[in-house]
Amino acid sequence: MKRLKSFALAALAVVVAVGVIAPSFGISNANAQSTGSAALSIVPKKNYVIEPGKSVSDTLIIRNLDASQDLNLSLRVVDFTFTDNGGTPKLFLDPSAPQTTWSLKPYLKLPKTVKIGPGSSKKVDMSVAIPANHGAGSYYSAIVYSTSAADGGNVGLSASGVTLVFTTIPGKVNEDLKLKKLGAYDTEAKGDLSGYKYISDKQPMSIGYTLQNNGNVTEAPAGSIKLKGWFGKSYNIDNVNPSGSLALIGQTRTYTACIKLATTDVSVGGSTATTNTCANPGLWPGHYKVSLDVFYGQNGNNTQEVTGTAAFWYLPLWFVVTFFVILLILALVIWRLVVKVRKAMYGPKYRKSSVNRRR
Amino acid sequence: MHHHLIRLHTSFFANWRHLWSPELVALFLALFVFVLPAGASTRLEERSLLMQNNEPGATTSYRVSFKYMTPTPINSVDMLFCMSPIPYEACVPPPGLNVSGAVLSDQQGESGYSISTKTTNHIVLSRASNSLPTTALSSYNFENIKNPTASAQAFSVRLRTHTSSDATGTQVDFGSVRAQVNQGIVIQTQVPPMLVFCLAQQVDYGCTKTNDTFYTDMGELNSESTLTAKSQMAVGTNASGGFAITAVGIPFSAGTNVIDSPLVPTESKPGTNQFGINLVENTAPNVGNNPEGEYANAIASSDYNQQNKYKYVSGDVVAYSPNVSLMKKFTVSYILNSSPTLHAGVYSTTLTYIASGRF
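Note that the protein sequences, when read in sequence, are chains A and B.
One rule links them: number in the working numbering = place in the first sequence (from 1) + 209.
One rule links them: number in the working numbering = place in the second sequence (from 1) + 906.
It is worth saying that the hints were derived from the structure and are not from the lab.
Check before you lean on any hint, since a few could be wrong.
Here are some chain A residues pointing at chain B (derived, C-beta under 10 Å) [said to hold, decoys possible]: (1) Tyr257; (2) Leu274; (3) Thr356; (4) Gln412; (5) Gly453.
Just a sample of chain B residues kept apart from chain A, beta carbon distances all over 10 Å, derived [to be verified]: (6) Thr965; (7) Gly1015; (8) Ala1042; (9) Ala1085; (10) Thr1152; (11) Val1170; (12) Lys1175.
Even for Gly, the Cβ is constructed at its ideal location relative to N, Cα and C.
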């Protein structure tokens, strides 16, 4: 019996020792469990115009793309703002994050969880109800659909999708867009002000303009940009915001417009969509003047206009080298011509006399 | 010959003041002051358009308001409905809009007008008046106008005032108002924007299949070697604003011990505490793949697309597309290094990849 007791104690000690010591040699290797599908299709954006005291009922269509697993989603509404000068939302995921002044959270209703069978889709009911006497303006929040994280391994993965919900409450609003910058823009800068180029050795493909939104509504400006080069050659960008991109409340947003737009029809998820890319505009080297004329204004409010001018130089290396070579040749020719004319005017002794004068 | 040249030189440079007296030059410059503004028009102020119902294709009433600026008798107002607000650009009528059945139901401020011309996108108001226009706001209400059907883009009304009663001859004032129809509820026959996203250890290019494994085990930590792992995600959208994928989650930790991540892209350094990710193929260590998919719109963010350099900051956008994007598959590479002094423990993390639309 004593032997049995000591054997049991020894076994327990080994188990405890393994439990305590083993992790110090590395990461645990627990058996992981699959938690269901993490392949989904959602609506990325919703827009509503709702008068105070009225509501809108709508459906969110969610598709489970996994043919073998259920899609288990938890839904919640979070506020968001802008990340930078571009159009990427910054989500306030922390449940204790304070509510923003433009939050739709109190007015947006939707279920907390959704289960969708393999390979099928579901319409999820949602509604936005605006209280009576609510002030006019833009209100927005995001619906986050989260799959549950896997339990196991040491890198757990979880997928979430987001629908951005924008609501405009009509009425008299405060609209104020200020032009901060305009010029040739390198799109790789992703909205950063460093993307503006006054002198560029690379052919500019797009023109950028940065607007600061000081109003209490989101704005989607529309208008055109005119580009005028040396010798009067001009280029017209007749749609400076083809995607209808928004400047959020308080955001300084950089918009870019292709000097020459190439549109292509592509098929995504069984539907056809038109995508825009910048094509080679074929700019000649030299100096360009940029004129911006954009309009904005909510329904029933004054249409306002933002205008501005800027300039840039497109100077590729080959052009600079060629220019200086031609300049040098021209200077030589002029110098020889001047010498020839002066010789003709003042006689062959011109050189000698000019030397004497200097003395 | 040289006598002729001297005479020419003398007449141009010595006696130029006789040819171009300062008085003559001043008179020439003064001409510009009077000549240039003669053709200029003034902008109509406080311009606005109120659509009673801004559902696409709805038949509703429009109220156009503005202030006349130039104190000249006005006998006609030209209202041209175009996509672009810019007066000198070719007018593209808003698709679906029809103002040919418009009825002028009310007029405030400057009144006495009737509709003299109306086509699908053009209205001319005419009257006979010799009095100067009021400086107060003038409004014109039109019933029975059919809204445009394209909700993705704003449209405009180009306004011009004339002294003639048929909107011919020189314009007096001008200006544009803009508006946009808004798709409140998705029409079921129309393909709505969608965002397709999937995530797992291995995913199919089109999100049609994943291996349903949402964890990865990196093995045991060792100060002399780098642990690696990878996961995959695929994404695509037909939304014109594109998408963004944000990575969220705390770095590797065991209790209060955290393996820090570099804040800027950094090489893998065995023997130091380091956790990082990137979205490209690497050789040091040998892990990962470049993004797969023919379409160039969707790319890894600049900090996460550098070979052999790793970074991880929770909340960073790791991949994005500024526009419509076909399906693209990204492979996320994970590296984990540890120093010999790292506290023993079970180190793990859960990373959530959030796919959202852009605004």
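For each hint, the structure was consulted:
1. Tyr257: holds, 5 Å
2. Leu274: The hint holds - Leu274 of chain A has a Cβ within 10 Å of chain B, the shortest such distance being about 5 Å.
3. Thr356: holds, 8 Å
4. Gln412: For Gln412 of chain A, the interface hint is violated, since the closest Cβ of chain B sits about 18 Å away, which is over 10 Å.
5. Gly453: Holds: closest Cβ of chain B sits about 6 Å from Gly453 of chain A, inside 10 Å.
6. Thr965: holds, 16 Å
7. Gly1015: holds, 15 Å
8. Ala1042: holds, 15 Å
9. Ala1085: At roughly 6 Å from the nearest Cβ of chain A, Ala1085 of chain B sits no farther out than 10 Å, so the non-interface label is violated.
10. Thr1152: For Thr1152 of chain B, whose nearest Cβ neighbour in chain A is about 7 Å away, the distance does not exceed 10 Å, so it is violated.
11. Val1170: The claim stands: Val1170 of chain B keeps its Cβ more than 10 Å from every Cβ of chain A (closest is about 16 Å).
12. Lys1175: holds, 19 Å
Of the numbered hints given earlier, the model fails hints 4, 9 and 10; all others are met.
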